[in-house]
Amino acid sequence: MTQVVLFNIFNGLIVGAFYALMALGLSLILNLSGVINFAHGGFLAIGGYVAYTLIPYVGFWGALVLAPVLTAILGVLVERVLIRRLYGRDPLYSLLLTFGLAFIFEDGTRFIWGAQSLPFQVPGWLMAPLSSDYFFLTGYRLFMVLIVAIAVIGLFLILSYTKLGVRIRAGTLDLETVSVLGVNVRILRNMNFGMGVYLAGLAGVLAVGQLGLQPTIGSSLIMPSFVAIIVGGLGSLPGTLLGGFLIGVASGVTTVFFPSATEAVIYVMMAAVLMVRPRGLLGEEGRF
Amino acid sequence: MGAIDFNKRAANLLVWLLLGTMPYWMTAIGGYVELGSRAVVLGLGAMSLNFLLGYTGVLSFGHAAYFGLGAYGAGMMIRYVAPSTGLAIATGILVGTVAAAIIGPLIIRLRGVYFAMVTIAFGQVFYFIAFRWNAVTGGDDGLTGWTRLPIDLGFTQIDILHNPIAFYYLVLVLFAVAVGIMAFLLRSPFGRTLLAIRENERRARFLGIPVDRHIWISWIISCGFVSLAGALYALLNNFVDPRALYWTQSGDFVIMAVLGGMRSFWGPLLGAAIFVVLQDYLSSQTENWMSFLGLFFVLIVLFFPRGVLGIIRRKVTP
Amino acid sequence: MTLLRVEKVSKHFGSLIAVNDVSMTVEPGELRAVIGPNGAGKTTFFNLISGFLTPTFGRVMFDGEDVTQLLPARRVWRGIARTFQITEVFPELTIRENLRIAVEVASGYRLRVWQSQDADGEVKARVVDLLEMSGLTEKADRLVGELAHGDQRATEIMMALALKPRLLLLDEPTAGMGDQETYDITQLIRKLHRDQKLTIVLIEHDMRVVFHLADRIMVLDQGKFLAEGTPQDIAANEAVQAAYLGKAAA
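Protein chains in written order, with my numbering: chain A, 1 to 288; chain B, 1001 to 1318; chain C, 2001 to 2250.
By construction, these hints were calculated from the structure, which means they are not laboratory data.
Note that the structure is predicted; figures quoted are calculated from it, not measured.
A virtual CB, placed ideally from N, CA and C, is assigned to each residue, including glycine.
Check each hint, because a few of them may be wrong.
In the DSSO-like style, the derived pairs of lysine-lysine whose C-alpha atoms are separated by at most 27 Å in a straight line are [as the list claims (entries may be wrong)]:
1) Lys2224(C) x Lys2191(C)
2) Lys2139(C) x Lys2191(C)
3) Lys2124(C) x Lys2197(C)
4) Lys2124(C) x Lys1008(B)
5) Lys2164(C) x Lys1008(B)
6) Lys2164(C) x Lys2124(C)
Reference listing, derived: stretches of chain B covered by chain C, where coverage requires no fewer than 3 residues with Cβ under 8 Å from a Cβ of chain C [stated by the list, open to error]:
7) 1048-1062
8) 1183-1194
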């Protein structure tokens, strides 16, 4: 029994890591530009499919490096051509636009790569269990957690110590002042969107090794990412990270005791958090 | 003033005339009566959403939840409890409205994109319940094994099951009642407090309007009518499945409202009609209708943000 | 009997102290001005009275009752109305509709879904009164968002007045206006004060307006109380002059 619980907690942590990676990207974009990027799941799927296509040519490691970058470039283009026009307008419009993009991405990947699940080759030595007692501790899973950790630490380092990162954080608090100080807000938002999408692309490459590759992978991961943001706290990146892991573990544990509630439990958790703290666990309390 | 009043009356007359005679011209232009029923039902959903979206200024992206609850409420009433169309509709409304009233206090303090995000996430609870609770809801396959039933008026029976035109008129009557109530509310002092909140929440608060409470009431009214639409949708199809609760359905309602024009009363109905016809056409023409639908969203946002009626109104009143 | 008694209020934002231990009493029928250089904490002080913010320390007593923790809407019900530095109106509605909403809410009709002819007639008559009082009658059916700044401000003041307040708080009523508009608004405020015996507290930058209108003036500087007195007292006060560094063109 302990083993089963441990197994599911560990599973939950891994799933939580995906959610966190997705949600961090969403949060970055939401905090600076006020856009809920519904297409984020679509970017994740594209990251996965691009990696799948690249592997025969550049191998797994090459794909792991290249696919998120290519996804981010697509993100930068989308922001430049479409989303940029909607800043300063009712948030309704960016919501609808990214909603439409999510449809196009999902259907587009289905059109190009087909509706069926595709096999995804991960180096064999990564797939072997590390210990016979804890069969679920494969190298790949540890590896994923490691990559997520590196990405998260990297993100926080960028935000804390680079010029771009400091500007993004300042812009999140007060975009007007940042713009008055001579920062080009258009470029800032563009780079920030690219960073967010990069994280989605990275999550995509990692996710397909674990969950398999199909066109609907994006739309099934986007809602939990929303919940991660809400639970963790609106406007707080550490909160988003915490939220991702919390809901991952919660659904992992629920799988053991009440499997049919695996998906629903995170929404119940969200309701509980909202009841106590309307702006989430680490969100800032504001009256308006 | 006089000219605008006249225009409004003329528009109202035209809408009711078109709706009232729909079964007689729909087939002539290549449609079918069920398509008209579908447009009216989804139009009611979009107009209900717009009570909140366009007239209270609150961005809900989770109305599918209450639409779906209305649908399941109606379907399960007939399937498990009592074979009565009237009871089914009443149950659907009750289930959706009560759920909205309970969830309301958790969300009414949030605004803008956050409100949208939380409402859409909450909707997913009901989706997963419907999806997972196989034994009762039929799970992914949907709730089957029931049909709408003839309405017994005592002296006569109306066969809404086999006669699609009779069912259309039942839908239309309920639509008229719902829409009439919404119009009545919007013209009342209470309705004007909602406009005030939409226009400027801070001013509304400092006029002494308890804004959160009024948003809660508006939310419940809006969700109540959308659950009526859901109940009718279940009866229309003699079937409910979890997709009626899925978040993409919420997006459909929002795009209908925007497409027709959020700031006009009839806009969402027009938007729904265009949406229904387009979806019907696309899904019969191409496998990739989802891409076209997505493209449609993008184009509307970029080129028709005020919606069809918004554009017309701009041209009429310079 | 004192209408408003602010007792030693402070407001902290993190380590910043925007208002520091300030007290004020306002008698019924008084017109009080609150002045001070930029960053003196005037608007924060106002926000503590109107309920936009709650003080970190101290109390706000209105008509003998403690309203420190009450939400804005409840303070409005007790009779505290306010306008904002950046005009807050309903831009896509007409002046008439703006005022009508204010009158209806003030009459306690905010939850009514049906109104008798009589009640409706009374509301409309009151709206007409307010329009005439402010000289906005001719523009009554235009959208507020399309009007000049001065007319928008006048609309906002009349909306606050529609609430039949016992205390009216005006945050920089002439901010961003030209000379003519400033004059018109000043005349409107004076008229309300004289004819309606309204108690008014206002923040103002324009010293001409302040000295023209105020019975008494309170000066804040860097969040703290600096001086209080009649316009003559304040004009002669050296500490006040020092705080303004001669910026106040009397």
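We went through each hint and held it up to the structure:
{"no.": "1", "hint": "Lys2224(C) x Lys2191(C)", "result": "32 Å, violated"}
{"no.": "2", "hint": "Lys2139(C) x Lys2191(C)", "result": "20 Å, holds"}
{"no.": "3", "hint": "Lys2124(C) x Lys2197(C)", "result": "24 Å, holds"}
{"no.": "4", "hint": "Lys2124(C) x Lys1008(B)", "result": "22 Å, holds"}
{"no.": "5", "hint": "Lys2164(C) x Lys1008(B)", "result": "35 Å, violated"}
{"no.": "6", "hint": "Lys2164(C) x Lys2124(C)", "result": "16 Å, holds"}
{"no.": "7", "hint": "1048-1062", "result": "violated (count 0)"}
{"no.": "8", "hint": "1183-1194", "result": "holds (count 8)"}
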